[in-house]
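Please work from the sequences and hints to get the whole structure.
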Amino acid sequence: MASVYRGAVINISAAGARNGTEGLFLTPSTFVTKFQITITQRGFKEIWTISNPPESISDTPLAKRAWALQERLLAPRSIHFTRTGLAWECKTGTATETSPQLVECKFPTTNWHEIINLYTKAQLTHTSDKLVAISGIVRPLQDQHTGGYLAGLWRNGLETQLPWRCVDFQTPGAYRAPSWSWAAVDGEVRDVGWDVRRMHDSCYYAVVDHSRSGVTPKGVDEFGEVVDGVLTVVCRGLLLGRFHTLDTSSPGTNRRLRILSTDRGVLKEYYGYNYALSSHIDDEVDVALLPLFSYKTDISGRVEVEVGDGEDESFCTCIRGLILQGTNAETGEFKRVGSFWIVSLKTHQDIFLDALDRYGAETARKVCKEVVQEVTHPTERFVITIR
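Heads up, the sequence shown is in my numbering, so the first residue is 1067 and it goes up one at a time.
Mixed in with the good hints there might be a few duds.
[To be verified] Across the chosen pairs, the derived CB separations fall in these ranges:
1) 1194 to 1113: 34 to 44 Å
2) 1340 to 1086: 22 to 32 Å
3) 1168 to 1106: 30 to 40 Å
4) 1441 to 1278: 17 to 27 Å
5) 1277 to 1397: 34 to 44 Å
6) 1094 to 1233: 30 to 40 Å
[To be verified] List of simulated lysine-lysine pairs, DSS-like, C-alpha gap at most 25 Å:
7) 1401 to 1362
8) 1435 to 1401
9) 1284 to 1401
10) 1157 to 1111
11) 1111 to 1100
12) 1130 to 1111
13) 1172 to 1111
14) 1172 to 1187
15) 1187 to 1130
16) 1157 to 1130
Derived by calculation from the structure, the hints in this document are not laboratory data. Glycine included, every Cβ here is placed at the ideal spot set by N, Cα and C.
Next up, the structure:
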């Protein structure tokens, strides 16, 4: 069906229908699109136009069905029949009956993290379709993302896609994807990919060895279901951490992530720092913190500062990485249990980076698969795998 949507002149969408029996024309007869009122005060007459706000296309029942996203993204233009009237959507903008003037906005046909966010907010009847239902959207993007595709992530710039975060994650009962892929969990996923190459003061702390990374497809389709997957990562160091609940009467809200020294002494607690789990992890269980990259951002952590932008006190450096847990299957093998990001005062980052310099190599050496040292990289680097 993906080729049908791509080749269509226009797509007609029953966006407001909850099922196949409700049809297109769902606007109630009592619904008023807009009306005018005249107010006369002190000899002055004012005419006000009152409009009912249109239903957001992204909030319609059809938008909550994951399989339907491809028709919205792949078709060059769509007419959506919603419960508040007609809506127009094309590659350059949107318009509605209440606001017929085209509002320019670029639909995320190529912006991968926006596509994944829309897709993961929708529902699947069969959760095993997680990778299959988005494959029609993936295929046209191959030319823009060189290097290949791995279970919902692109090889090109893979390091910046790994620290995605999930809102209210749920773990499926059966294996669906490796733990480092957003397809391994159910729930809204955000932050899949950052264009670090364009950012000011960007720095990598770990890189993926693509020659030793890959997935095993269930069938012949490289964009479909997978039965296994592994990433081989070369890093400059790891930090040991544990979760700790300060007030057990209010679990979750007072949970902190502690950085530990290699002798298990508490080094620093993550007050004010951020993390998002993608798997359940108990308190006081060892986890490994793998910093991946850093970049310049505004104080919220949401706006990237591009190379060439002026310096400003409101900007700071953001560090992003993964929270890992050993699988106990073999030395140096981990699974992803979450991600962390540090957007805070410089002193907090200095504490983290100082701990990485002091304990990172020693911690990684104890748990890694192998130690690498080359002429071009005289400093030791450590190899781990993530499944």
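Verification of the hints:
no. : hint                     : result
1   : 1194 to 1113: 34 to 44 Å : violated, 57 Å
2   : 1340 to 1086: 22 to 32 Å : violated, 42 Å
3   : 1168 to 1106: 30 to 40 Å : holds, 34 Å
4   : 1441 to 1278: 17 to 27 Å : holds, 21 Å
5   : 1277 to 1397: 34 to 44 Å : violated, 20 Å
6   : 1094 to 1233: 30 to 40 Å : holds, 33 Å
7   : 1401 to 1362             : violated, 28 Å
8   : 1435 to 1401             : holds, 14 Å
9   : 1284 to 1401             : holds, 21 Å
10  : 1157 to 1111             : violated, 41 Å
11  : 1111 to 1100             : holds, 19 Å
12  : 1130 to 1111             : violated, 45 Å
13  : 1172 to 1111             : violated, 39 Å
14  : 1172 to 1187             : holds, 20 Å
15  : 1187 to 1130             : holds, 7 Å
16  : 1157 to 1130             : holds, 21 Å
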